[in-house]
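Protein chains: 2
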Amino acid sequence: MYAIVMAGGSGTRFWPASRERMPKQFLRITSDRTLFEETIDRIKTLVADEQVYVVVNRLHEETTRNLLGSSNARVLVEPVGKNTAPCIALAAIHIARRDENSPIIVLPSDHFIRDRERFALKLRAACEAARHGAIVTLGIPPTRPETGYGYIERGKETEKAMGEEVFEVKKFVEKPDFETAVEYLKGGRLLWNSGIFIFTAKTILTEIRECLPDLHEGLEEIGEAMESDRFEAVIERVYPQLKSVSIDYGVMEKTSAMVRVLSGDFGWSDVGSWQALYELRSDEYDEGENLLLSEAMTIDAKRNLVYSTSGRAIALMGVEGLIVVDTPDALMVARKERSQDVKEFPENLEAAGRPELS
Amino acid sequence: MYAIVMAGGSGTRFWPASRERMPKQFLRITSDRTLFEETIDRIKTLVADEQVYVVVNRLHEETTRNLLGSSNARVLVEPVGKNTAPCIALAAIHIARRDENSPIIVLPSDHFIRDRERFALKLRAACEAARHGAIVTLGIPPTRPETGYGYIERGKETEKAMGEEVFEVKKFVEKPDFETAVEYLKGGRLLWNSGIFIFTAKTILTEIRECLPDLHEGLEEIGEAMESDRFEAVIERVYPQLKSVSIDYGVMEKTSAMVRVLSGDFGWSDVGSWQALYELRSDEYDEGENLLLSEAMTIDAKRNLVYSTSGRAIALMGVEGLIVVDTPDALMVARKERSQDVKEFPENLEAAGRPELS
Numbered sequence: 001m002y003a004i005v006m007a008g009g010s011g012t013r014f015w016p017a018s019r020e021r022m023p024k025q026f027l028r029i030t031s032d033r034t035l036f037e038e039t040i041d042r043i044k045t046l047v048a049d050e051q052v053y054v055v056v057n058r059l060h061e062e063t064t065r066n067l068l069g070s071s072n073a074r075v076l077v078e079p080v081g082k083n084t085a086p087c088i089a090l091a092a093i094h095i096a097r098r099d100e101n102s103p104i105i106v107l108p109s110d111h112f113i114r115d116r117e118r119f120a121l122k123l124r125a126a127c128e129a130a131r132h133g134a135i136v137t138l139g140i141p142p143t144r145p146e147t148g149y150g151y152i153e154r155g156k157e158t159e160k161a162m163g164e165e166v167f168e169v170k171k172f173v174e175k176p177d178f179e180t181a182v183e184y185l186k187g188g189r190l191l192w193n194s195g196i197f198i199f200t201a202k203t204i205l206t207e208i209r210e211c212l213p214d215l216h217e218g219l220e221e222i223g224e225a226m227e228s229d230r231f232e233a234v235i236e237r238v239y240p241q242l243k244s245v246s247i248d249y250g251v252m253e254k255t256s257a258m259v260r261v262l263s264g265d266f267g268w269s270d271v272g273s274w275q276a277l278y279e280l281r282s283d284e285y286d287e288g289e290n291l292l293l294s295e296a297m298t299i300d301a302k303r304n305l306v307y308s309t310s311g312r313a314i315a316l317m318g319v320e321g322l323i324v325v326d327t328p329d330a331l332m333v334a335r336k337e338r339s340q341d342v343k344e345f346p347e348n349l350e351a352a353g354r355p356e357l358s
Numbered sequence: 001m002y003a004i005v006m007a008g009g010s011g012t013r014f015w016p017a018s019r020e021r022m023p024k025q026f027l028r029i030t031s032d033r034t035l036f037e038e039t040i041d042r043i044k045t046l047v048a049d050e051q052v053y054v055v056v057n058r059l060h061e062e063t064t065r066n067l068l069g070s071s072n073a074r075v076l077v078e079p080v081g082k083n084t085a086p087c088i089a090l091a092a093i094h095i096a097r098r099d100e101n102s103p104i105i106v107l108p109s110d111h112f113i114r115d116r117e118r119f120a121l122k123l124r125a126a127c128e129a130a131r132h133g134a135i136v137t138l139g140i141p142p143t144r145p146e147t148g149y150g151y152i153e154r155g156k157e158t159e160k161a162m163g164e165e166v167f168e169v170k171k172f173v174e175k176p177d178f179e180t181a182v183e184y185l186k187g188g189r190l191l192w193n194s195g196i197f198i199f200t201a202k203t204i205l206t207e208i209r210e211c212l213p214d215l216h217e218g219l220e221e222i223g224e225a226m227e228s229d230r231f232e233a234v235i236e237r238v239y240p241q242l243k244s245v246s247i248d249y250g251v252m253e254k255t256s257a258m259v260r261v262l263s264g265d266f267g268w269s270d271v272g273s274w275q276a277l278y279e280l281r282s283d284e285y286d287e288g289e290n291l292l293l294s295e296a297m298t299i300d301a302k303r304n305l306v307y308s309t310s311g312r313a314i315a316l317m318g319v320e321g322l323i324v325v326d327t328p329d330a331l332m333v334a335r336k337e338r339s340q341d342v343k344e345f346p347e348n349l350e351a352a353g354r355p356e357l358s
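In order, the protein sequences belong to chains L and V. Numbering-wise, our numbering puts 151 at position 151 of the first sequence, and it's gapless, one number per residue. Numbering-wise, our numbering puts 300 at position 300 of the second sequence, and it's gapless, one number per residue.
Hints in this document: simulated from the structure, not taken from any laboratory. Check each hint, because a few of them may be wrong.
Derived lysine to any residue pairs resembling SDA-like cross-links, with alpha carbons at most 25 angstroms apart [claimed, not checked]:
#: 1; chain 1: L; residue 1: Lys302; chain 2: V; residue 2: Asp300
#: 2; chain 1: V; residue 1: Lys343; chain 2: L; residue 2: Met297
#: 3; chain 1: L; residue 1: Lys302; chain 2: V; residue 2: Asp32
#: 4; chain 1: L; residue 1: Lys186; chain 2: L; residue 2: Glu165
#: 5; chain 1: L; residue 1: Lys336; chain 2: V; residue 2: Asp32
#: 6; chain 1: V; residue 1: Lys336; chain 2: L; residue 2: Glu295
#: 7; chain 1: V; residue 1: Lys336; chain 2: L; residue 2: Gly318
#: 8; chain 1: L; residue 1: Lys302; chain 2: V; residue 2: Gly321
#: 9; chain 1: V; residue 1: Lys343; chain 2: L; residue 2: Lys186
#: 10; chain 1: L; residue 1: Lys343; chain 2: V; residue 2: Thr45
#: 11; chain 1: V; residue 1: Lys302; chain 2: V; residue 2: Glu284
#: 12; chain 1: V; residue 1: Lys343; chain 2: L; residue 2: Glu295
#: 13; chain 1: V; residue 1: Lys302; chain 2: L; residue 2: Asn348
#: 14; chain 1: V; residue 1: Lys343; chain 2: L; residue 2: Glu320
#: 15; chain 1: V; residue 1: Lys171; chain 2: V; residue 2: Glu146
#: 16; chain 1: L; residue 1: Lys302; chain 2: V; residue 2: Ala352
#: 17; chain 1: L; residue 1: Lys302; chain 2: V; residue 2: Lys302
#: 18; chain 1: L; residue 1: Lys336; chain 2: V; residue 2: Asp300
#: 19; chain 1: L; residue 1: Lys202; chain 2: L; residue 2: Arg74
#: 20; chain 1: L; residue 1: Lys343; chain 2: V; residue 2: Gly288
#: 21; chain 1: V; residue 1: Lys336; chain 2: L; residue 2: Arg312
#: 22; chain 1: V; residue 1: Lys336; chain 2: L; residue 2: Thr298
#: 23; chain 1: L; residue 1: Lys302; chain 2: V; residue 2: Gln340
#: 24; chain 1: L; residue 1: Lys343; chain 2: L; residue 2: Arg28
#: 25; chain 1: V; residue 1: Lys343; chain 2: V; residue 2: Asp32
#: 26; chain 1: V; residue 1: Lys302; chain 2: L; residue 2: Glu347
#: 27; chain 1: L; residue 1: Lys343; chain 2: V; residue 2: Glu295
#: 28; chain 1: L; residue 1: Lys343; chain 2: L; residue 2: Leu280
#: 29; chain 1: L; residue 1: Lys343; chain 2: V; residue 2: Gly321
#: 30; chain 1: V; residue 1: Lys302; chain 2: L; residue 2: Glu320
#: 31; chain 1: V; residue 1: Lys336; chain 2: V; residue 2: Arg28
#: 32; chain 1: V; residue 1: Lys343; chain 2: L; residue 2: Gly321
Looking at chain L on its own, in the form it has when it is part of the complex (with noise of 0.2 angstroms):
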């Protein structure tokens, strides 16, 4: 089995502790380690090291290199973020001169997974549906009407993997409106897209052939280029050029390949979010339902977060459900309730020119 881990996103929502250069992926918010580091982690006993192949930015690419430490986990540097159809495509070619016929498991590395042991066995199962050419997914059973996500239509059931049940997809469906996503939480055919996906090099490659011909072209060049000393000139030249395009759009909505799904019933998060984040580590609150995520002194003080990382003395009064991020160079202060819009400021910072605070 192989792995790709999408390490490539720059997410703006949980500034100001995420920045460009620092993704969420790299913070410390659902444990004392990064939500990359616990990616890793996750797949340790699935895959072997030298066959998990990370795919970064080359802005994080430093700070990538030192959270894997002595792992034998081939980095691999995009010269720019191109979306997860070119991410997937670019890792794919590496795994399939190695092998194309074993199931690699594609995981986003900014996510968070309660049940580990059941995770697992779930990725387990998947890459043995996933052998013999179908493309598979990990579909989360919703708990909430949520308008953020795609969903994916399970059809009837296939067959069993490993005792596991796997489904059909219907369909991908774009993110709902909320009347619709109330319709599908009732309905319980309809599943949260986790981005996980397990399938083979060879089916992969073919259908981005099928679904994405010119992204296909460019792979090949970038391809036929490999170990060889041009390399590295060709991927600078070829990559920025290629399209900007999701794998859920480019591929999935449109393939003629078996596509089938699990239920993922493991825990799932994409940690979306500071109230998400809130929400996630319930267990943890104090006594005023505070998740302090660095000590801080309270006074009637209810429903907070704290998060710092500056090591100042942190202090509140009186103030109820506000997220209180305390970084060296910043400080957000916001009601939690707003924890969707919180990206306008590294976007107001980027437009009036202090890139270094976005």
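Knowing the structure of chain L, use the given hints to seat chain V on it.
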């Protein structure tokens, strides 16, 4: 004319901006200069600088001298803080050696005065009234039923000084409860005790001998050593043993001297809390009624006060009625109504063995 500027206070209500080593008078909260500098500046037209006596705690001597710059004001250092009666007495014995019959203006160094010209006029009138042995006070016409101040009950008009009405003082009244404060506000005869006094050195030293004989005895010992090389040793030994007592309680409430009051109708505030500061500077609110004393990005933020000495970017979203105080080593986020309770933080930190933060 002489002046005694009392700069020995060590406030905790502006934590974390104020600390034991950085009391309120040294904060730049009412303008871009410290309250201490504003106080010194305010009396420039009234008193020659070599006739200004600044009394400070040893902890703050260096800060005080730095802020005085090239001024010829004299700095008197208290070995320990002993409330206002010993502080005033110490300065008065210094002044008495030069001139015991000229009026002395006694001023706290951490108040705000809106109308400087009117303030100067009132002080000139008060000096006139003090020349012949009266203890003169400035009483502030109350604007709210304040329970945090002492009051002065005004009697009948006794004279005009430089055209300003001078009144008898019937009595000094301790801090009232709320209902009494409401009555006081209606009656119109009760004024806030501003802590600003005017008297000659002869008058105040006579009254201290009458009302606080123990204090007077200690002072005599200090006075005898003055200008000798024993002075340092004597003040070090004697001063710490003096009774800690306010001039209000120790002298004003007991004296049989003439006591007079003039109306301090010049826009006074003791800037007693973050909330008081917020209200004081209402002409500087932004469109959301935020008082941003430091640069801050705001999105849907209303009626907040932001003060920062850390130089960091600050961002507020969706929050209302907060005080956000950001310093290099401590951050506080509090509801504005809780301003009076802010002192609990430095108290707790002191108790927890972190005096550097208190």
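Against the structure, the hints come out as follows:
no.: 1; hint: L:Lys302 x V:Asp300; in the structure: holds, 21 angstroms
no.: 2; hint: V:Lys343 x L:Met297; in the structure: holds, 13 angstroms
no.: 3; hint: L:Lys302 x V:Asp32; in the structure: violated, 35 angstroms
no.: 4; hint: L:Lys186 x L:Glu165; in the structure: holds, 21 angstroms
no.: 5; hint: L:Lys336 x V:Asp32; in the structure: violated, 34 angstroms
no.: 6; hint: V:Lys336 x L:Glu295; in the structure: holds, 23 angstroms
no.: 7; hint: V:Lys336 x L:Gly318; in the structure: holds, 9 angstroms
no.: 8; hint: L:Lys302 x V:Gly321; in the structure: holds, 16 angstroms
no.: 9; hint: V:Lys343 x L:Lys186; in the structure: violated, 52 angstroms
no.: 10; hint: L:Lys343 x V:Thr45; in the structure: violated, 53 angstroms
no.: 11; hint: V:Lys302 x V:Glu284; in the structure: holds, 14 angstroms
no.: 12; hint: V:Lys343 x L:Glu295; in the structure: holds, 19 angstroms
no.: 13; hint: V:Lys302 x L:Asn348; in the structure: holds, 19 angstroms
no.: 14; hint: V:Lys343 x L:Glu320; in the structure: holds, 20 angstroms
no.: 15; hint: V:Lys171 x V:Glu146; in the structure: holds, 18 angstroms
no.: 16; hint: L:Lys302 x V:Ala352; in the structure: holds, 23 angstroms
no.: 17; hint: L:Lys302 x V:Lys302; in the structure: holds, 20 angstroms
no.: 18; hint: L:Lys336 x V:Asp300; in the structure: holds, 13 angstroms
no.: 19; hint: L:Lys202 x L:Arg74; in the structure: holds, 20 angstroms
no.: 20; hint: L:Lys343 x V:Gly288; in the structure: holds, 21 angstroms
no.: 21; hint: V:Lys336 x L:Arg312; in the structure: holds, 22 angstroms
no.: 22; hint: V:Lys336 x L:Thr298; in the structure: holds, 15 angstroms
no.: 23; hint: L:Lys302 x V:Gln340; in the structure: holds, 19 angstroms
no.: 24; hint: L:Lys343 x L:Arg28; in the structure: holds, 19 angstroms
no.: 25; hint: V:Lys343 x V:Asp32; in the structure: holds, 24 angstroms
no.: 26; hint: V:Lys302 x L:Glu347; in the structure: holds, 22 angstroms
no.: 27; hint: L:Lys343 x V:Glu295; in the structure: holds, 19 angstroms
no.: 28; hint: L:Lys343 x L:Leu280; in the structure: holds, 20 angstroms
no.: 29; hint: L:Lys343 x V:Gly321; in the structure: holds, 23 angstroms
no.: 30; hint: V:Lys302 x L:Glu320; in the structure: holds, 15 angstroms
no.: 31; hint: V:Lys336 x V:Arg28; in the structure: holds, 19 angstroms
no.: 32; hint: V:Lys343 x L:Gly321; in the structure: holds, 23 angstroms
When the structure is compared with the earlier hints, violations turn up for hints 3, 5, 9, 10 and for no others.
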